[in-house]
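Respectively, the protein sequence lines represent chains A, B and C.
Numbering that gives the first Met the number 0 applies: residue 0 is where the first sequence begins, and numbers increase by one.
Numbering that gives the first Met the number 0 applies: residue 0 is where the second sequence begins, and numbers increase by one.
Numbering that gives the first Met the number 0 applies: residue 0 is where the third sequence begins, and numbers increase by one.
What the hints contain is simulated information worked out from the structure, not anything from laboratory work.
A couple of the hints might just be wrong.
Cross-link-like lysine-lysine pairs, in silico, DSSO-like; alpha carbons within 30 Å at most [what the hints assert, rightly or not]:
| # | chain 1 | residue 1 | chain 2 | residue 2 |
| --- | --- | --- | --- | --- |
| 1 | C | K306 | B | K138 |
| 2 | A | K228 | B | K285 |
| 3 | B | K285 | C | K329 |
| 4 | C | K112 | A | K202 |
| 5 | A | K228 | C | K80 |
| 6 | B | K287 | C | K366 |
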Amino acid sequence: MKNPFGKRKEPLTDTQLLMTITIGIFIVMYILAMTLLGGGFLHAQQIFDMLNDNASLIIVSCGLTIVMIGGGIDISVGAVTSLVVMSCVLYLNNGGNVFVSILLALGIGLAFGLVQGFLISYLEIQPFIVTLAGMFFARGMTTILSVNPQKVDHAAFAKLRDTQIVIPWLGYTAKNGNLVPARIELGVVVALFCVVMIFILLKYIRLGRNFYAMGGNQTSALMLGINVKRTRFYSYLLSGLLSGISGFVFMMHTGAGNATNAAGMEMNAIASSIIGGTLLTGGVGNVIGTFFGTMTLTTIKKIVVSSGLNDPWWQSITTGGMLCFFILLQSVVLGRRSKKKKA
Amino acid sequence: MKKNNKKFLSGGLGQLTIPLIAIALLFIFNLIRDPGFFSIGISHNNDGNAVLAGNLISIINGASELAVLAMGMTLVTAACGGQDISVGAAAAIAGSVFVKVLKSGSGISGGTVVLAFVSACIVAMLFGTFNGILVAVFKIQPMIATLILYTCGRSIAYWINGGATPTVSSHIITAIGSFIPGIPIPTPVLIVALVAILFKLLFHFTSLELFTQSVGINGSAARLNGINSTFIKLLSFIILGVCVAVAGTIGVSRLSLINHETLLLDVEMDTILAVAIGGNSLGGGKFKISGSIIGAYVIQMLTTTLYAMKVSSTDVKAYKAIVIVLLVVIGSPVVKQRFSKLVERLTAKKTITVKGAEE
Amino acid sequence: MQEEILLQMKGIDKKFPGVLALNGVDFTLRKGEIHALMGENGAGKSTLIKVLTGVYQKDGGVITVEGENVSIKSPQDAQNKGISTVYQEITLCPNLTVAENMFIGRESGEWIKRKEREARADEILGGLGIPARSTQQLGDCSLAVQQMVAIARAVDMQCKVLILDEPTSSLDDKEVNMLFELMRDLKSKGVGIIFVTHFLEQVYEVSDRITVLRNGELVGEYPVEKLPRVELVSKMMGKDLDELSTLGDPEEKKTIVNEVLYEAEGLSSSEAQPFDFSIRKGEVNGFTGLLGSGRSESVRAIFGADKVTGGAVKIKGEQVKVTKPIDAMKHGIGYLAEDRKRDGIIAELSVRENIILALQVMNGMFKPISRSEQEAFADEYIKVLNIKTASRETPVGSLSGGNQQKVILARWLLTHPDYLILDEPTRGIDVGTKLEIQKLVLKLAEEGVSVTFISSEVEEMLRTCSRLIVMRDRHIVGELTGSDLNQTQVMKTIAGGEA
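Chain A on its own, in the form it takes in the complex (with noise of 0.2 Å):
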């Protein structure tokens, strides 16, 4: 009966699960915007575009996720972003060079994961308190550099921007008979590379492990002989990396700082987080569903607006709406898991 060499079927578990429904749901959705929709979405470049405009997002969704899986929240990763971006500009144009740029990139992302990691896991402070204080600094930091839109203007910086992977036989035949090759931006390689980074951490890593089991019961892996403390520092310390080098991508993106910088990104990366299956309560959660969170955000809005709903309110209406579809299909799913595990 029981055979120790052959693969065993366990069922899902709870990160399995929430994430599986996730890319289904993005496959389906995406399949039904090719179909319904076609255009654009039949295009690679689609796909492309998705990841050029939000690489960044997608790194700083993969910090998030690290400390929500921790138990943890840091709603500052927008506005370090932010500051980031404001930072290199002014250095570049002051004539900084590109790899010191990088440098500063990570160093304030890491001064910031630093602090607030110091703040709430050696003294214990609410990491709401202190992210939120988090972001009221560093957006008054961005403004404090420069109130007014910088645009780089610095020739390494632009070759490096400009870098961008061609994939001809991935494009399209545009009406007038060029051949559009599909393009990549080097940014999306940096947030691919991260994602399996972080994956890898989350997985094989005894440190990522250790946010899970910090996550699910925080006394236990306290008993089970885990540096609580210092684990949660660790979180909230690489959370504040991946806010830096999402700086330097959004940075290579658009080609300047501006005071409204990724506004309103600590937001959009939590709901990534939670359609792709990052419980807030901690402990669940895995960034290839945070990839595909993303992905299912952005995928969404390009769904509205494709169907002519070019009012912008429609996009943060039905950004809503799906937050709710997929908190409340969570719960349910969820719900229904532990009432099984009774009977």
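Mind docking chains B and C on chain A? Use the hints.
Leaving out everything else, chains B and C in the frame of chain A:
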């Protein structure tokens, strides 16, 4: 004697210690910076009414919406152990409904204003119910549940306003937003007092406070004692809805127009902050409404102080953040513990050195 | 025989604000022994364990492991020094797999060798006969299995000292035996086991030595064969057991013939199988059976604590509907829940607020009890039940277990119930309070209140109940009255021996 003092500070005032110290510090700081900062004078406004004026008045006046929202938020926080982040968006909706109803009739009389306010209340309560059902019935965390309305609330307001920013001109609205002729105190301040009194009465004539705290501290035990915790949570959101409508109405009345994009923008963050500064646990349970009100005034006082120091409105956030961090660090139990240990060690060292000297 | 000393704790002090939780306690554990650590609640058992496992830092004293002085800074540190603990509450992560729960927090490298670890986990689980798969999500397992996984984890840690803190409270008899087998096995391998439990029989079944604590101080260390039960109890209580006899002989209980107060037919809930039940006015009856036999679930169904799915209920002869706790309360039923911390006290609220809570709920939200009335009620019951509290405004969470239980009792007494359900009111509280509660039950019955009393200790039930309903496997399997009310008969019925 000294011990008693200590106990008085930490035990007697309890959770109000930190916000009161914050207010005191801001007060002293401002007095040193500008001894005339808090002078209250009487000036005459455009209508020729004698009204109170001065920084203190504008602080208390300016914090009105925040204070009203913080009161409702305290209740939600206590019952649900989470916060409603949609209050700003919901206030925009309520404000839009208020204006819509005002403008639907031919003229604006006292009756229309009441009708408009009641409509705004009903709509805000409906949205509160929506949030409340998600939280209480579907057991979704408040922050996540209210993220939905946060995301699309202002868009709904946009839709109500038809994309415009309609203005209303009526002496009644002006009176609500600034001064009632003959009364030198700003009307929003009076409204805050009224709301605070209503809360006080609510807690006096019902056992809502006990039930809310019970639900917030131990939901399971509350249920087994016959408390309908779903109802209590829902009710907290509905009450917050009323607060939202009041805040929205004040906000609209101040400017005599509704701008769905800017009305009470980012107020949710300040509101939650006010609750936390007031010494209430964001994890729910025991609460003190008075703490949250003081918290709201701390935030406004800080903002006004910064403005007075010629910090631009966009930069204020950065300084605010620093002060917030300082406040919460001082209030952190870990820091308090470390500090008292340090004091203990220092005094212990002293005795040792004294001993050493004797030898 | 002089066995090798494994662990020695000498003169351990631990202070908490206002309390000296441990005062110069000594404790010695030898290699290959099972050492029971006994004491009433508040005796300092848990504190001592927590000092040993690094959850608390000691304020004084010395700990040596195998003759070496050690200072234990954290649970991790304790683990590294070969001290493993399995706690009363399951301290694993339900969202991780069984294998992960067994290995997390003690991997050597940064990389996780998933396959290797799952194979190892299955091996261990198989070896111990634990019915769980390594790849299962822990939350999907039953509580008993989760507990055993925790033990499996500790066993695999090659620990020298294994602390079992109330490990048997969520296990049934079969599982307890399995655990004891395991303990003996480990003992033969030279592991020192510290066994903390409330169950006296279990102590005598497996332990070699007993250390008794009282009020944070050491009473003494005894070989188990030299300490009869009665003496153990008296050492734990620090007073003579004469008091026990004042309760009267269980044999004297007469069957109550008053009118029927409560009657249920085919009552069932989401947790309980359909059952029939009735109680007369002034009667004390009890549900007994092993943990998990459905005794708690049945009384919860009576109170409407779980979702009621069927059945007809008559109270005082009238057909009524009881689907929620408030319905039951309105019909004069009170229910003291099994889990005091989770379902009973509102820890941060004051004694006063906790006492008036149920009455206030019955009065409704719009008829608040005035402050002065609340204070009068609180003072009255603090006096009547002899609740030891600094004041009526003290948060109930800071009281000792027994006094917390009294507060909840006061809460229900204040509602003047016709029918009071007490589910394990004596669990985890000191013997003195246990007696007080039993006396109170009898007194209430005299006054005409019907009481259903549940206790893990059959003796307590025999002393108080005139009728015992025995449950096995979620069904009622027998009803004992009159001369059948004795320990042997109860055990027989529970075990189902007659067939």
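> Taking each numbered hint in turn, which are not upheld by the structure, reported in ascending numerical order?
Replying inline: No numbers; nothing is violated.
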